[in-house]
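Just so we're aligned, residue 1 is where the sequence shown starts under our numbering, counting upward by one.
No lab work stands behind these hints: they were computed from the structure.
Note that CB positions come from ideal geometry on N, CA and C, so glycine has one too.
Among these hints, one or two may not hold up.
Keeping only pairs whose Cα atoms sit at most 25 Å apart, straight-line, the calculated PhoX-like set for lysine-lysine is [to be verified]:
| # | residue 1 | residue 2 |
| --- | --- | --- |
| 1 | Lys15 | Lys2 |
| 2 | Lys137 | Lys111 |
| 3 | Lys95 | Lys13 |
| 4 | Lys137 | Lys13 |
| 5 | Lys111 | Lys13 |
| 6 | Lys11 | Lys27 |
| 7 | Lys139 | Lys161 |
| 8 | Lys95 | Lys27 |
| 9 | Lys112 | Lys137 |
Computed spacing ranges between beta-carbons, pair by pair [to be verified]:
| # | residue 1 | residue 2 | range |
| --- | --- | --- | --- |
| 10 | Arg62 | Lys27 | 31 to 41 Å |
| 11 | Gly92 | Thr47 | 34 to 44 Å |
| 12 | Ser22 | Asp115 | 33 to 43 Å |
| 13 | Asp114 | His34 | 44 to 54 Å |
| 14 | Gly130 | Asn188 | 21 to 31 Å |
| 15 | Ala36 | Lys107 | 32 to 42 Å |
| 16 | Ser166 | Asp114 | 14 to 24 Å |
| 17 | Arg89 | Ser151 | 39 to 49 Å |
| 18 | Gly12 | Glu93 | 30 to 40 Å |
| 19 | Lys107 | Gln167 | 16 to 26 Å |
| 20 | Asp189 | Tyr165 | 38 to 48 Å |
| 21 | Gly23 | Phe154 | 34 to 44 Å |
| 22 | Ala106 | Thr195 | 13 to 23 Å |
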Amino acid sequence: MKTIYVATTNKGKIKEFEQILSGLSIKIESLQDHVANMEDVEETGETFEENAVLKAETYATRHNLPVIADDSGLEINALNGEPGVYSARYAGEEKSDDANIEKVLAKLDEKKADDRSAAFVCVMAYAEPGEEALTTKGKCHGTITNERQGSEGFGYDPIFKPTGYSQTLSELGPSVKNEISHRRMALNDMVNVLTEKVSG
């Protein structure tokens with residue numbers, strides 16, 4: 001069984017990867033748990049794709065392992081695409097989910113935005129040592145609620161209501177989220193890439 005290492009410190013993301021890829025002959029492990037010192041790769045890219053590729057290729061070469069990295073975030077139309085690539089640290093470098101949510105809601109209230117449409121975006125990159133990364137992209141469209149709802153999930157899940165649903169991702173829970181999320185859309189396409197690697 002092939003082991004692929006996910007370059008993230010977010011335990012929620014690791015669980016999602018394990019659940020979504022459970023049907024493949026692939027073992028998912030956290031790169032952070034495997035290497036003694038997983039130094040951060042500075043996300044200097046201006047797009048999700050640039051950051052995902054930068055992380056995947058850097059970690060794969062640095063640790064000589066096959067690595068999946070992703071860059072994902074929330075784009076809100078009324079805020080001109082913010083928080084975008086700064087989603088995790090929108091309210092500051094301490095990366096507080098609660099503070100990020102409060103900032104989004106405050107900015108939308110400040111603008112008295114009637115349009116609360118938004119999309120979660122994920123670009124996923126898979127890299128093997130010394131090779132260029134392969135990327136896939138997924139989107140989950142929806143709207144931003146007026147207040148947080150639900151206790152499941154992480155990040156902006158409590159204020160994001162996906163299109164076609166009457167509840168937020170937090171209320172819907174992981175089983176539904178894993179079927180419709182931006183990460184699931186990107187992973188659906190990535191499965192073909194990984195299946196080829198496993199059988200190769």
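Checklist entry - Which of the stated hints cannot be reconciled with the structure, identified by number in ascending sequence? => result 2, 5, 8, 9, 10, 11, 17, 18, 20, 21 and 22
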